[in-house]
Amino acid sequence: MRERAQHRCHHGTDTWRNLNLVDTNILLDVVTDDPAWADWSIAQLETASLDGPLLINDTVYAELAVRYDHIEELEAFLDEAGLEMTAMPRAALFLAGKILTQYRRAGGSKNGVLPDIFIGAHAAVRQLPLLTRDLGRYRTYFPSVTLITPHV
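First residue of the sequence shown: 1, per full-length UniProt numbering; consecutive thereafter.
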C-alpha cells in the first residue's frame, strides 16, 4: 500500500485561518489506496492541513472503525494523518434530527443517510468547510456549508 500522506497536527497557541471537517469517504480513499480517488484526496488533505487542523467527529470515527481490527490501528492512522477529534454540539444533533425528518417527508427511504446527516449538521452548525466527495445530499440539505469537492 502506498505510503500515507503526512499531515500536521496543531496543538500550539497560533491562530489558524481555517478548520476543515473531513468526511469519511476522503479518509477511506487514503486507507484503501483507492485507485480513482486516493491521489485527489491526499492532495486535498495536504492543502487543507496548511490552513489549520483537520477535524473529524464521532460519526466519521465510527465509520472508519469498520476498516480496522484494533482501536490502536485506527488511532495510529488518525495521529499519522494529523486528524483531530471534535465533539458534535447539541445544536448539530438537533439539526440532524430535523433534517432526517425533512428527508423522510420528501420521500427519502435510504437507510444509510444518518451518518451524512450528522456530518452535514456538524459542518453547518460550526460553520466548518467540509472536505467530501459527496455533493448531492450535502448541497440539498446543508446549502450553507462550504463544500470542498472534486465537482466544484
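It should be emphasised that the hints constitute simulated quantities derived from the structure, not laboratory data. Just so you know, not all the hints are guaranteed correct.
[As the list claims (entries may be wrong)] Simulated DEER-style distance windows between Cβ atoms:
#, residue 1, residue 2, range
1, Arg90, Thr140, 21 to 27 Å
2, Gly107, Asn18, 31 to 37 Å
3, Arg67, Thr47, 32 to 38 Å
Glycine residues also receive a C-beta, built at the ideal position from the N, C-alpha and C atoms.
Going through the hints against the structure:
no.	hint	result
1	Arg90 with Thr140: 21 to 27 Å	holds, 24 Å
2	Gly107 with Asn18: 31 to 37 Å	holds, 36 Å
3	Arg67 with Thr47: 32 to 38 Å	violated, 24 Å
When held up to the earlier numbered hints, the structure conflicts with hint 3 and nothing else.
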